[in-house]
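S.K.: Chains as they are written, first to last, in our numbering: chain A, 1 to 194; chain B, 195 to 370.
In case anyone wonders, no lab produced these hints; they're calculated from the structure. Don't take every hint at face value.
Stated by the list, open to error - Just the calculated beta-carbon pair ranges, DEER-fashion:
| hint | chain 1 | residue 1 | chain 2 | residue 2 | range |
| --- | --- | --- | --- | --- | --- |
| 1 | A | Q111 | B | A342 | 51 to 57 angstroms |
| 2 | A | P153 | B | E338 | 56 to 62 angstroms |
| 3 | A | E19 | B | R289 | 23 to 29 angstroms |
| 4 | A | P173 | B | E334 | 45 to 51 angstroms |
| 5 | B | W302 | A | L171 | 45 to 51 angstroms |
| 6 | B | R289 | A | E5 | 32 to 38 angstroms |
| 7 | B | E338 | A | P173 | 35 to 41 angstroms |
| 8 | B | A311 | A | A116 | 33 to 39 angstroms |
| 9 | A | E5 | B | W302 | 26 to 32 angstroms |
Stated by the list, open to error - Which stretches of chain B does chain A cover? Using the computed rule of at least three CB atoms under 8 angstroms from a CB of chain A, they are:
| hint | segment |
| --- | --- |
| 10 | 201 to 214 |
| 11 | 228 to 242 |
| 12 | 257 to 267 |
Claimed, not checked - Counterexamples of contact, computed for chain B against chain A with all Cβ distances above 10 angstroms:
| hint | residue |
| --- | --- |
| 13 | N280 |
| 14 | M312 |
| 15 | I326 |
| 16 | L346 |
| 17 | A367 |
Here the structure is a predicted model, which means the values were calculated and not measured. Ideal Cβ positions, reconstructed from N, Cα and C, are used throughout, including at glycine.
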Amino acid sequence: MSQLERRAVTAQLLRNRGEAVLVTGLGSPTYDAFAVADSPLNFYLWGAMGSAAMVGLGLANAQAGRRVVVLTGDGEMLMGLGSLATIGAQRPRNLAIVVVDNELYGETGMQPTHTAHGVELAAVARACGFASAETVRTGAELDALERSLYAAPGPLFAAVKVAPEPTRIELAPRDGPYLCSRFREALLGPGAHL
Amino acid sequence: MSTAVTAPAWPDALYDALLAAGVKQVAYVPDAGHRRLIELARANAGLTTVVLTTEEEGIGLLAGAHLGGGRGVLLMQSSGVGNCINALALPAECRIPLLMLVTMRGEWGEFNPWQVAMGQATPATLEAMGVIVLRADDAERIVETVRAGAGLAFDSGRMVAVLIGQRAIGAKAFRK
Chain A
1 MSQLERRAVT
11 AQLLRNRGEA
21 VLVTGLGSPT
31 YDAFAVADSP
41 LNFYLWGAMG
51 SAAMVGLGLA
61 NAQAGRRVVV
71 LTGDGEMLMG
81 LGSLATIGAQ
91 RPRNLAIVVV
101 DNELYGETGM
111 QPTHTAHGVE
121 LAAVARACGF
131 ASAETVRTGA
141 ELDALERSLY
151 AAPGPLFAAV
161 KVAPEPTRIE
171 LAPRDGPYLC
181 SRFREALLGP
191 GAHL
Chain B
195 MSTAVTAPAW
205 PDALYDALLA
215 AGVKQVAYVP
225 DAGHRRLIEL
235 ARANAGLTTV
245 VLTTEEEGIG
255 LLAGAHLGGG
265 RGVLLMQSSG
275 VGNCINALAL
285 PAECRIPLLM
295 LVTMRGEWGE
305 FNPWQVAMGQ
315 ATPATLEAMG
325 VIVLRADDAE
335 RIVETVRAGA
345 GLAFDSGRMV
355 AVLIGQRAIG
365 AKAFRK
């Protein structure tokens, strides 16, 4: 079982993000990113489960010159598994999907997800045509992911296995128009509101 | 007046209207009624066409497009509307523009009874999620309705579905 701690993983992967934009899936990835790396260039999902990767694709298509990182959970990714096929068919070079995989539905009572039963998300992404797709279990593998996350040609996929631990809620803003306007103004400037 | 079957002119005018509205991403699960529009979009290197595995992917995609300062359109048939329900929470809560073009099945001379349930439930399903529903049942009204829907979506920041009636497209022929 992985000993990686999810919030430390999130902090490490985002500490040198530069101008990259971030989309987080509902639940712990949103709490983690807000807790350790809040930024106007973060868009926090609080619902629409299964949509995070596709929000990332739409953003990557619209902003081809920017690195787009999606940080989501295994349950959220499993609900939108078909989006890995859609992204694989599109092959956006600037999109990276990172699944923080604790093999649990953390919001609903820690029920095991499919990844606890042997489903390997990175293998699905690889089969869908991602340029790279790895499962990360160790600190050394995490260091390698940190280096490739903003540099390697996409689409890039990584499932980072993390230790099961109680959900630590860190309440990110959840007002949708605020989150959307905050993000767009940071990315697009004052023209975002025209 | 000729009665020969010819390709309708409206998909080409509809394509021009979408370009004029600033659409750059065209996402779809195919329908025969959208065939010409999809062909035109795929032939334009200036557009990103995104074939989806299920219609709800398009809701997230177009929300992402808006976050990135872009515009898009989502094409589907009515059977795909139900797939979108929970994903619509995203544009609904964030007041993100959404333009959906839905070709209708299950309503006008439908042969396949399995299309009727979702087809008949389509307007109520969309409205239950806060989507503004516009209808075009005559071919000559389709383009102006889409133009109006695009304005409502992109200028007023609303979710809009234009239902293109089976009457305008013609019922799918199963029997020879």
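S.K.: Now look at each hint and say whether the structure bears it out.
M.R.: Hint check:
{"no.": "1", "hint": "A:Q111 x B:A342: 51 to 57 angstroms", "in the structure": "violated (46 angstroms)"}
{"no.": "2", "hint": "A:P153 x B:E338: 56 to 62 angstroms", "in the structure": "violated (44 angstroms)"}
{"no.": "3", "hint": "A:E19 x B:R289: 23 to 29 angstroms", "in the structure": "holds (26 angstroms)"}
{"no.": "4", "hint": "A:P173 x B:E334: 45 to 51 angstroms", "in the structure": "holds (47 angstroms)"}
{"no.": "5", "hint": "B:W302 x A:L171: 45 to 51 angstroms", "in the structure": "holds (50 angstroms)"}
{"no.": "6", "hint": "B:R289 x A:E5: 32 to 38 angstroms", "in the structure": "holds (36 angstroms)"}
{"no.": "7", "hint": "B:E338 x A:P173: 35 to 41 angstroms", "in the structure": "holds (40 angstroms)"}
{"no.": "8", "hint": "B:A311 x A:A116: 33 to 39 angstroms", "in the structure": "holds (36 angstroms)"}
{"no.": "9", "hint": "A:E5 x B:W302: 26 to 32 angstroms", "in the structure": "violated (58 angstroms)"}
{"no.": "10", "hint": "201 to 214", "in the structure": "violated (count 0)"}
{"no.": "11", "hint": "228 to 242", "in the structure": "violated (count 1)"}
{"no.": "12", "hint": "257 to 267", "in the structure": "holds (count 9)"}
{"no.": "13", "hint": "N280", "in the structure": "violated (7 angstroms)"}
{"no.": "14", "hint": "M312", "in the structure": "holds (19 angstroms)"}
{"no.": "15", "hint": "I326", "in the structure": "holds (18 angstroms)"}
{"no.": "16", "hint": "L346", "in the structure": "holds (17 angstroms)"}
{"no.": "17", "hint": "A367", "in the structure": "holds (30 angstroms)"}
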